[in-house]
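Take the given structure of chain V and dock chain R to it, following the hints.
2 protein chains.
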Amino acid sequence: MTSHNVMEDVVYEYLEKHWRDIPVACHCDQCKTDVYTLSLNHLTPYYANTVSGAMYAKADLMTVQSRANILAVLTTSAKTVSQHPHHANN
Amino acid sequence: MTSHNVMEDVVYEYLEKHWRDIPVACHCDQCKTDVYTLSLNHLTPYYANTVSGAMYAKADLMTVQSRANILAVLTTSAKTVSQHPHHANN
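Protein sequence lines, in the order shown, are assigned to chains V and R.
Its first residue numbered 1151, the first sequence is counted upward by one per residue in the numbering used here.
Its first residue numbered 1151, the second sequence is counted upward by one per residue in the numbering used here.
Chain V on its own, in the form it takes in the complex (with noise of 0.2 Å):
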């Protein structure tokens, strides 16, 4: 039994093309990948267990509709995390 949620491909597509962009406190790895975390708990997933499910998947995700879902997603997470970062326990 394998499934992939293609969801995850997506928004770490996306976190690493804009994180720069993103409006974010601090921009160190563990705050990018606890917006990559949040994001995901607050996105439909979209599990695929073959290839043909997968690209479909893709294609639905990179709708306008969807992306600026995903980006409205993580602009939230990203102020979730910059109030409450986890770096400062490391």
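It does not matter which identical chain is used: a pair holds within one copy or between any two.
The list that follows gives simulated cross-link-like pairs (lysine-lysine, BS3-like), each with its CA atoms no further than 30 Å apart:
hint, residue 1, residue 2
1, LYS1167, LYS1182
2, LYS1182, LYS1208
3, LYS1229, LYS1182
4, LYS1229, LYS1208
Quick caveat, the hints were computed from the structure, so don't treat them as lab data.
Keep in mind that this is a model prediction, so the values were computed, not measured.
Using the frame of chain V, we list chain R on its own:
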């Protein structure tokens, strides 16, 4: 950036343990994987990026309420897969 959906582990373990008891038309691997995938798409993700975070998530997902919710989603997914099996396409 690595993060893991702990819900995957809980659903996987449950399916491995109770697959034979789940009312599904066919118990082949494809149907099992499809029930697994469909269920994950209908369960709130619980991503964690630390060991302690994952342990906390696992405990949270093992409550009576969480398990009942997971079982309900698994049963619904099994019904859907029974009506629309993918193994027919193989």
